[in-house]
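Novice: Build the full structure now, drawing on both the sequences and the hints.
2 protein chains.
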Amino acid sequence: MQIKEFISIRQEKHLKELFEFLRFPSVSTDPKYKQGILDCANFLHNELSRLGCNKVEVLDTPGHPIVYAERILDSSFPTVLVYGHYDVQPAKVSDGWDTDPFEPVIKDDKIFARGAADDKGQVWLQLKALEYFNEFSANDLKVNLKFLYEGEEESGSENLDNFIIQNKQMLECDVVLISDTSIIANNVPSISVSKRGLASLEVEVIGPNRDVHSGIYGGVLANPIVVLSQIIAECRNANGQVTIPGFYDNVQNYSTEQRAVFKQAHDLMTSYKDLAKDMKLSKTVSELGFTGYESTSIRPTFEVNGMWGGYMDTGVKTIIPHKATAKVTMRLVENQNPQRILDLAKKHILSLDSQGCTVNVVFGDAAQAYSNSLDSNLYKAGELAMQNTFGVKPIPTLDGGSIPVGESFKRIMGKETLFLGFGLEEDNIHSPNESFGIFNFNKGIETIIEFLKIVSNKGLDIAS
Amino acid sequence: MQIKEFISIRQEKHLKELFEFLRFPSVSTDPKYKQGILDCANFLHNELSRLGCNKVEVLDTPGHPIVYAERILDSSFPTVLVYGHYDVQPAKVSDGWDTDPFEPVIKDDKIFARGAADDKGQVWLQLKALEYFNEFSANDLKVNLKFLYEGEEESGSENLDNFIIQNKQMLECDVVLISDTSIIANNVPSISVSKRGLASLEVEVIGPNRDVHSGIYGGVLANPIVVLSQIIAECRNANGQVTIPGFYDNVQNYSTEQRAVFKQAHDLMTSYKDLAKDMKLSKTVSELGFTGYESTSIRPTFEVNGMWGGYMDTGVKTIIPHKATAKVTMRLVENQNPQRILDLAKKHILSLDSQGCTVNVVFGDAAQAYSNSLDSNLYKAGELAMQNTFGVKPIPTLDGGSIPVGESFKRIMGKETLFLGFGLEEDNIHSPNESFGIFNFNKGIETIIEFLKIVSNKGLDIAS
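These protein sequence lines are chains A and B, in that order. Counting from 44, one number per residue, gives the positions in the first sequence under this note's numbering. Counting from 44, one number per residue, gives the positions in the second sequence under this note's numbering.
Honestly, I wouldn't trust all of these hints.
[Unchecked claim] Keeping only pairs whose Cα atoms sit at most 30 Å apart, straight-line, the calculated DSS-like set for lysine-lysine is:
no.: 1; chain 1: B; residue 1: Lys211; chain 2: A; residue 2: Lys323
no.: 2; chain 1: A; residue 1: Lys458; chain 2: B; residue 2: Lys360
no.: 3; chain 1: A; residue 1: Lys360; chain 2: B; residue 2: Lys211
no.: 4; chain 1: A; residue 1: Lys390; chain 2: B; residue 2: Lys360
no.: 5; chain 1: A; residue 1: Lys320; chain 2: B; residue 2: Lys320
no.: 6; chain 1: B; residue 1: Lys423; chain 2: A; residue 2: Lys360
no.: 7; chain 1: B; residue 1: Lys360; chain 2: A; residue 2: Lys389
no.: 8; chain 1: B; residue 1: Lys390; chain 2: B; residue 2: Lys306
no.: 9; chain 1: B; residue 1: Lys389; chain 2: A; residue 2: Lys326
Don't read these hints as lab results, they were simulated from the structure.
Specialist: Below you can see the structure in the form of structure tokens.
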């Protein structure tokens, strides 16, 4: 059977199965959905068994289980480790959903449900690609497959790194494939080739040894909240630049040609046009001299994720507070070393006038930026697969977010990841009315089949 | 009997009574001490009855009761409304007390107990002054007395303004007398003649309509915490000055002679010397060109009492938060109109770059600074009383705090308050090991007797 015929004839069956998958309320951030998580993991386990995997397990972690499966055909074949996640973001009708988030419906050729695009729909299209080979084209698949489906991606993948470290041998592979990203538009396919890194720290400003009366002492004692605000203000300027000395030292400058490509991508991404309206802001911002797309991908940032100090209840309490704290994360780009950036940030913060207060800087998570080379066989395989199915060559895109799992596979196992995803920015992932286009679901099956065929032909060269 | 003889012979009795008063755990901020509050109010009620008041009541408020009493002798006499409070700050041995805060002890000629100086000791010396006249000098007292003893001063006097408004006629008087302040030193008597005013507001910066992913959006959306930090930083400068345009317009400039007196007062106040060490700070601060004393009295301030936004729990959450909020209070000096200051602050805050966010400024409490004229008969009576008992003329001092009750009596009833207090800065009010010198207690009785004699001689001229 031809691939297109398979997808067309089986569509009703595929959607029926996916709907079953989507109905599990596998919300990982809320303990009351624990049963939904377990039921969903078992459902996935059964599907992987049905698809002929020779090893299928639901493996415990200190958090939610990982569903793991293997379909090893021949040790001379390349091995692709497929990663995805079966957990979803929280969702309640009262958040603004038009329909029950855990009762999928189709409207305007889109599947509406929590997890439709992130990531259940994209997990399911990977499995349907395997089903195609199983039933109609077994001899064409010369690839060993390993599947790692996580249940904690939406709650921070807290146990994934340890799982990879402890099961390095079991997970041994040539390359990693993840379908958890978006394309620019249905006629503009794209492949995400970089993710920004991350460096996090906490700044604590300790003032008087207790909350003191702001009347008696206001004027002679520094106010830790004011000092912290001044520190934060001294880390960013009005041009959207980070003012930590040395922060931009190793940031890559792109050529005029490359900048032109980024400009084109920016203009193609409809999301930037409506962003301010969608977020109820009067305008968006960006770093001086860079487009929104560049500001969220090739440029590093300094963000305060949380800040608190003093009296936070109703009414007035006239105190100079004992202390104030801010949580900071910086998004990093290629060549920025997270540890060096943390050191620079700390040095800068401690160089500012503390006005008699004690300033403590404590480092948190750090991850190097991650990127694929456009010259790698892995990227070229993905590019060719998309070109064959979409009819146009995909654009390599740079993502602002840090999907740490790509960085984890690189750091722990030394393996490259291909982010071959099929969502759209309009899919409302993490928001009410999440959706996934049926076009995208079908095109995903087709592209994954195509990709696996190309890998089958290339053999072990794929990883080089 | 001479006054000094009365004080000396009765000292043991006076302290025994005061100890009984101090043993009530009348903590107003914690509901579990409600019985301690009620028992203390009844104790005070009984004492006022014993002292011959012709109307003594424990009056309910929505919070803790007010103990009210009148001792009206003749309608042609001036009426002095005496204010004090019988509630105290919280205190536990584990906070660092050397002895039980509610079991008074005498050490180094000081009474150690919660409330010793603030304000039970000073309430009791007022009552002992009345006792002196009752027993030994009835004909010399040509003053009507009204007593208003509050049970919520330490929890913000939430119901006092309404009580005054509703009982304006009952409280009708010529002047108000409060003993709840300090003198510079036992050989440097002083009278507090001004309290700073207050203007409070809340600033809310609303960014994206929900918490969003700082990787995907970091670089194109303003961060409300950063915007708020920049706003706060734009309200103060490195010289300790407030940078709101027009903020200092009506702030009084003092003559070289006056500044010399303030300098003298600053140098006499030992508290400034050890302040940094006491508060575990590397240094104190002050407004450029002003001493610590001036910075906390004749200069206005801008303080953030509380600030919060985003993720405030353990670990890292990579969000650009939906919003951030800060609670601000400004201490004001004479001639600064609180409403005008609030308007100026709002105008300034709204003029700053919100980077696409919505900035809301909501006004809270406001109170005009309060001060006595040094030429008033009331101040002169207090000055003379102290000069007669301490042997030196008291220094008029300016206080940083806003005891709103003085402003309330002025605003609601049009009456001046004399702050005739006898504590010392070293008394540790609001802190562990609160104390009150026996010298100060006795000198307080003597000075209040003296003051009432002077008022008796001046008659109704006292208020002019």
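Novice: Could you run down the list of hints and mark each one as holding or not?
Specialist: Do the hints match the structure? See the list:
1. Lys211/B / Lys323/A: Judged against 30 Å, a Cα distance of about 50 Å means the pair is violated.
2. Lys458/A / Lys360/B: holds, 27 Å
3. Lys360/A / Lys211/B: holds, 27 Å
4. Lys390/A / Lys360/B: holds, 23 Å
5. Lys320/A / Lys320/B: violated, 52 Å
6. Lys423/B / Lys360/A: Violated, at about 35 Å.
7. Lys360/B / Lys389/A: holds, 20 Å
8. Lys390/B / Lys306/B: Violated, at about 35 Å.
9. Lys389/B / Lys326/A: holds, 22 Å
Violated hints for the displayed structure, listed by number in ascending order: 1, 5, 6, 8.
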